[in-house]
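Model the full structure from these sequences, guided by the hints.
First to last, the sequence lines map onto chains A and B. When the count follows numbering that gives the first Met the number 0, it moves up by one through the first sequence with no breaks and lands on 411 for the last residue. When the count follows numbering that gives the first Met the number 0, it moves up by one through the second sequence with no breaks and lands on 191 for the last residue.
I should point out that these hints are in silico values taken from the structure, not numbers from a laboratory. Hints may contain errors.
Examples of chain B residues lying across from chain A (beta carbon under 10 Å, computed) [claimed, not checked]:
#1 F3
#2 R14
#3 V25
#4 S95
#5 A96
#6 L109
#7 I130
#8 T134
Okay, the calculated bits of chain A under chain B, using three or more residues with CB under 8 Å as the criterion [what the hints assert, rightly or not]:
#9 18-32
#10 94-104
#11 124-131
#12 215-222
#13 307-318
#14 321-332
#15 380-393
All C-beta atoms, glycine included, are put in the ideal place defined by N, C-alpha and C.
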Amino acid sequence: MELTFDRRERFRTYMKAFNPTAPARAVIQAGLVLEDLHHSLYSNLAGRADLEPGSQQLVVGGIGSGKTTELLLAEQWLRNQTKALCLYIDVTSETDLAGLNSGALLASFGVHLANAARELENPPTDKTKENREMLRDFAYGKTVRYWVDEDAPEPDFDDYDPEPPTGYYVTNRLPGKLNPPLPALQRDIADIRAPLNYFLGLIRQQHEDVVVIFDGLDRLITTEKFLSVVHQDFRALRTLAVSLLATAPVSIYGAWQAVSERFDRVQPLPVIPAGAENDGFLRSVLARRGALKLMDPPEADGICRYSGGVLRDLIALARDAAEEAYIAGSDRIRLDDVKKVTAQLGEAYLRGLGPTQIKSLKDLEKTKAFNLQDSTNMELLVTRRVLEYSPTDFRVHPALLPLLTQTEKADA
Amino acid sequence: MPEFSSRPAFEIARRIELRGTNAWLVVIAGGDWNPGELVREVRLVVDVPARSVSAMPFDLGALRNALRTPTDDVVIVTGLDQLTGDNWTVLDVNRSALERTGAVILSLSLATLGPLNAWAPNLRSFIGGSIFILTDDGSVMSDDERRLRLEELALAYGLTDEEVIRRASEKNLPAEPDFAEWLILLGRGDLV
Numbered sequence: 000m001e002l003t004f005d006r007r008e009r010f011r012t013y014m015k016a017f018n019p020t021a022p023a024r025a026v027i028q029a030g031l032v033l034e035d036l037h038h039s040l041y042s043n044l045a046g047r048a049d050l051e052p053g054s055q056q057l058v059v060g061g062i063g064s065g066k067t068t069e070l071l072l073a074e075q076w077l078r079n080q081t082k083a084l085c086l087y088i089d090v091t092s093e094t095d096l097a098g099l100n101s102g103a104l105l106a107s108f109g110v111h112l113a114n115a116a117r118e119l120e121n122p123p124t125d126k127t128k129e130n131r132e133m134l135r136d137f138a139y140g141k142t143v144r145y146w147v148d149e150d151a152p153e154p155d156f157d158d159y160d161p162e163p164p165t166g167y168y169v170t171n172r173l174p175g176k177l178n179p180p181l182p183a184l185q186r187d188i189a190d191i192r193a194p195l196n197y198f199l200g201l202i203r204q205q206h207e208d209v210v211v212i213f214d215g216l217d218r219l220i221t222t223e224k225f226l227s228v229v230h231q232d233f234r235a236l237r238t239l240a241v242s243l244l245a246t247a248p249v250s251i252y253g254a255w256q257a258v259s260e261r262f263d264r265v266q267p268l269p270v271i272p273a274g275a276e277n278d279g280f281l282r283s284v285l286a287r288r289g290a291l292k293l294m295d296p297p298e299a300d301g302i303c304r305y306s307g308g309v310l311r312d313l314i315a316l317a318r319d320a321a322e323e324a325y326i327a328g329s330d331r332i333r334l335d336d337v338k339k340v341t342a343q344l345g346e347a348y349l350r351g352l353g354p355t356q357i358k359s360l361k362d363l364e365k366t367k368a369f370n371l372q373d374s375t376n377m378e379l380l381v382t383r384r385v386l387e388y389s390p391t392d393f394r395v396h397p398a399l400l401p402l403l404t405q406t407e408k409a410d411a
Numbered sequence: 000m001p002e003f004s005s006r007p008a009f010e011i012a013r014r015i016e017l018r019g020t021n022a023w024l025v026v027i028a029g030g031d032w033n034p035g036e037l038v039r040e041v042r043l044v045v046d047v048p049a050r051s052v053s054a055m056p057f058d059l060g061a062l063r064n065a066l067r068t069p070t071d072d073v074v075i076v077t078g079l080d081q082l083t084g085d086n087w088t089v090l091d092v093n094r095s096a097l098e099r100t101g102a103v104i105l106s107l108s109l110a111t112l113g114p115l116n117a118w119a120p121n122l123r124s125f126i127g128g129s130i131f132i133l134t135d136d137g138s139v140m141s142d143d144e145r146r147l148r149l150e151e152l153a154l155a156y157g158l159t160d161e162e163v164i165r166r167a168s169e170k171n172l173p174a175e176p177d178f179a180e181w182l183i184l185l186g187r188g189d190l191v
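What follows is the structure, encoded as structure tokens:
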């Protein structure tokens with residue numbers, strides 16, 4: 000009898016295509032992304048960034064909705080279609096976002112800009128070295144030595160004074176903007192404009208424009224935190240005529256008008272409903288990754304429906320169903336596998352919900368009304384128990400919904 | 000209330016092996032659980048180094064360094080039940096700093112799923128439904144589990160136990176983790 004190693008290989012190949020935590024850049028490079036899923040949003044974002052120097056656009060979406068993928072596609076488009084220099088910065092991989100303050104985004108931008116300018120001057124001029132050092136100090140901090148005068152409140156260094164001043168030197172470390180975590184710093188971020196302008200001048204000798212993409216800012220979950228971090232830095236970037244794309248947290252839905260007024264475009268990235276009209280989109284995502292090699296249309300439909308259109312949940316359910324089938328010794332994914340992993344996902348969403356939150360979810364299901372000014376509702380939206388299909392269409396995550404009914408029965 | 004799947008350590012190790020890179024999952028284990036059992040099982044089944052790392056005392060930089068040096072082994076993170084809401088928030092907003100090629104297994108109690116959901120939605124999104132209750136006997140399988148697993152392997156590969164032993168003796172068995180597991184379940188770890 001011939002060994003059936005191909006079963007394991009088939010599943011391993013499938014699992015590689017359905018890895019919900021794989022880096023988005025690798026997934027794009029592997030050709031697993033459907034570029035028109037959000038109606039080619041990335042090309043609209045990139046096109047505007049290119050055409051309107053200094054424009055500022057936000058992509059607003061819940062966790063796992065595909066924001067990073069859209070930004071990376073926009074970066075790719077800008078590199079391929081324009082003469083702009085595009086800097087993609089994943090803020091969260093460079094600094095402790097929990098301690099992020101005004102100036103940190105500019106510092107990060109400056110470091111990337113100075114690195115991009117390295118290729119333009121070899122060897123660098125003294126002026127370039129000086130500006131690079133200013134940026135480095137701003138970003139990472141510097142050590143300063145200063146005199147503490149014991150005689151008077153003001154320093155006294157009169158050359159003709161026969162008495163030497165009494166006092167002592169103190170050496171201190173001034174933290175930079177990217178040191179984790181930071182106290183609020185009062186230094187004026189205008190200090191950094193001169194070196195930024197210098198490097199922008201160098202870059203613009205070769206590139207028509209500069210576009211910066213800040214990813215990861217959606218992790219600043221509340222609107223207040225998000226705005227407090229980005230406000231001054233984004234204003235400075237606008238004066239430098241640097242176009243900007245950034246992610247923003249879904250909580251912005253609760254302050255839509257106030258936020259919209261500050262930016263040239265605030266683009267929602269809603270989840271994709273799995274109704275009859277849109278099943279094709281989600282099914283295409285599965286098909287692109289080769290799902291139909293291991294499952295039939297009814298299983299694919301179940302996965303689409305219970306993912307609620309959250310892309311990461313869609314990929315995770317497809318992966319988990321295959322894992323269940325493999326562990327159980329089956330050659331293909333069965334409806335039972337889909338049911339099992341859907342229940343697991345629903346259970347994961349259910350954990351930690353208190354009576355108030357469960358009541359809000361049941362109210363939403365009953366009335367279809369959802370008040371974004373209610374803090375419980377906002378928490379449910381941020382944690383993906385509630386999904387946004389449009390600014391007026393909110394629904395309970397379909398994997399969680401059946402479990403709410405069960406809690407009702409248990410209560411009775 | 001419904002419950003998560005209960006799985007023995009060896010099955011969790013098999014899931015990690017099947018998933019390949021960048022895997023994230025949660026195991027629910029009791030407070031006196033020793034991660035050493037799962038570490039051993041992972042080393043055996045996945046055939047990559049595995050270790051446990053404590054998140055306490057909480058220090059993002061230290062945890063990040065522990066996860067990144069190296070980045071390609073399997074790490075079980077313990078001590079998470081002691082995290083405060085603020086600690087979870089710090090981990091959550093800095094999720095990218097925790098990303099690595101090797102698998103990350105978060106060891107929690109059931110009660111800690113609440114804070115994870117409330118304070119760390121970005122981390123939770125990475126975990127999805129991959130939450131498994133580690134069976135009490137850890138790596139020790141019952142006779143029924145052992146028999147079922149052997150039947151699964153026989154079905155999957157179309158081989159009998161005897162054929163596997165014969166091929167292993169003839170050094171004619173592929174170096175796949177499944178076959179190593181098969182031989183160990185048959186009490187022939189000497190042929191691995």
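Cross-check of the supplied hints:
no. : hint    : result
1   : F3      : holds, 6 Å
2   : R14     : holds, 6 Å
3   : V25     : holds, 8 Å
4   : S95     : holds, 4 Å
5   : A96     : holds, 6 Å
6   : L109    : holds, 8 Å
7   : I130    : holds, 6 Å
8   : T134    : violated, 14 Å
9   : 18-32   : holds (count 5)
10  : 94-104  : holds (count 3)
11  : 124-131 : violated (count 0)
12  : 215-222 : holds (count 4)
13  : 307-318 : holds (count 5)
14  : 321-332 : holds (count 5)
15  : 380-393 : holds (count 3)
In this structure, the earlier hints numbered 8 and 11 are contradicted, and the remaining ones agree with it.
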